[in-house]
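Peer 1: Residues are numbered in our numbering as their position in the sequence shown, beginning at 1, plus a constant of 45.
It is possible that part of the hints are untrue.
As the list claims (entries may be wrong) - Simulated pairs of lysine-lysine, DSS-like, Cα-Cα distance not exceeding 25 Å:
(1) 135 with 124
(2) 230 with 198
(3) 69 with 246
(4) 230 with 246
(5) 259 with 93
What the hints assert, rightly or not - Here are the in silico distance ranges between beta carbons for each label pair:
(6) 222 with 185: 13 to 23 Å
(7) 111 with 138: 16 to 26 Å
(8) 135 with 184: 31 to 41 Å
Keep in mind that the hints were calculated from the coordinates and are not lab data. The beta carbon of each residue, even a glycine, is placed where N, CA and C say it ideally should be.
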Amino acid sequence: MTEEFKLPELYITPEHECSYLPDKHASTLFVNPQARKNNYLYSYLSSKGFRRSGEQLYMPYCTHCQACIPVRICVVEFKPDRNQRRILKKNSSLDISIEAVAFRDDEYELYCRYLGNRHSGSAMCNPSPEDYLSFLNSSWSNTRFHRYTLNDKLIAVAVVDYLNDALSAVYTFFDPEYSARSPGKFAILHSVNIAGELGLKWLYLGYWIEKCSKMNYKNRFQGIEYYYRQGWTSRAPGTKE
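Using the sequences and the accompanying hints, generate a full structural model.
Peer 2: Written out as structure tokens, the structure is:
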């Protein structure tokens, strides 16, 4: 703890259906919504496995399951493998800009199209403009939109929080027609590069879940670290010495 913040109260939700693993129930540990939040607190809690969603800071806190493992890339340890170099080359023609958070029609339309393709029929589909921004942004975080365009057409957006010592990949959405370019993975590769240019130590990727196909790709980046048993390690939980 530093002079810039003091640790707030934490609360636990009742059990609810797990979003990632079928037939599992989950609980969430979250920061008091009324607590004052800033980048110092956010950076500290990120190092303890917390994530941001809208205004809230949270982490899974399940009694009978520890499948959600916070992961981050150590920037100085990262080197792209052959497949990642192929992704970088395939996307070398993209124009990239980093923008402050604002409502932009093309980003909102892309977000809605992405949800309709990836989460068809779910409660996330057809968000209002207010729901869209309140999910991705907050009043206290240092958030940027990384925009990726091809021939003046927006094909992907990575929502990234700039912490004191790291970047945090909050959410990435893209045009399904360009899935062959692996825009989600490219956004990670680009963010690692930005973190290196800024002299930051890590890129937080959220949670690695070994048995969830949507979440288990995150350990395929060299320099990955796992938050396990109250500390960070380069060894995946469950692997032998």
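Peer 1: Look at each hint and say if it fits the structure.
Peer 2: Hints, verified against the model:
For a cut-off of 25 Å, the pair hint linking residue 135 to residue 124 stands: about 17 Å separates their Cα positions. For the hint pairing residue 230 with residue 198, the CA-to-CA distance comes to about 19 Å; that is within 25 Å, so the pair holds. A distance of roughly 34 Å separates the Cα atoms of residue 69 and residue 246; the hinted pair therefore is violated under the 25 Å criterion. Taking the CA atoms of residue 230 and residue 246, the gap is near 19 Å; set against the 25 Å cutoff, the hint holds.
For the given pair, residue 259 sits about 23 Å from residue 93 by alpha-carbon distance, which is consistent with the 25 Å threshold. Between residue 222 and residue 185 the C-beta distance comes to about 35 Å, which lies outside the given range of 13 to 23 Å. Under the hint 16 to 26 Å, the C-beta atoms of residue 111 and residue 138, about 42 Å apart, miss the expected range. Between residue 135 and residue 184 the beta carbons are some 37 Å apart, a value that agrees with the proposed interval 31 to 41 Å.
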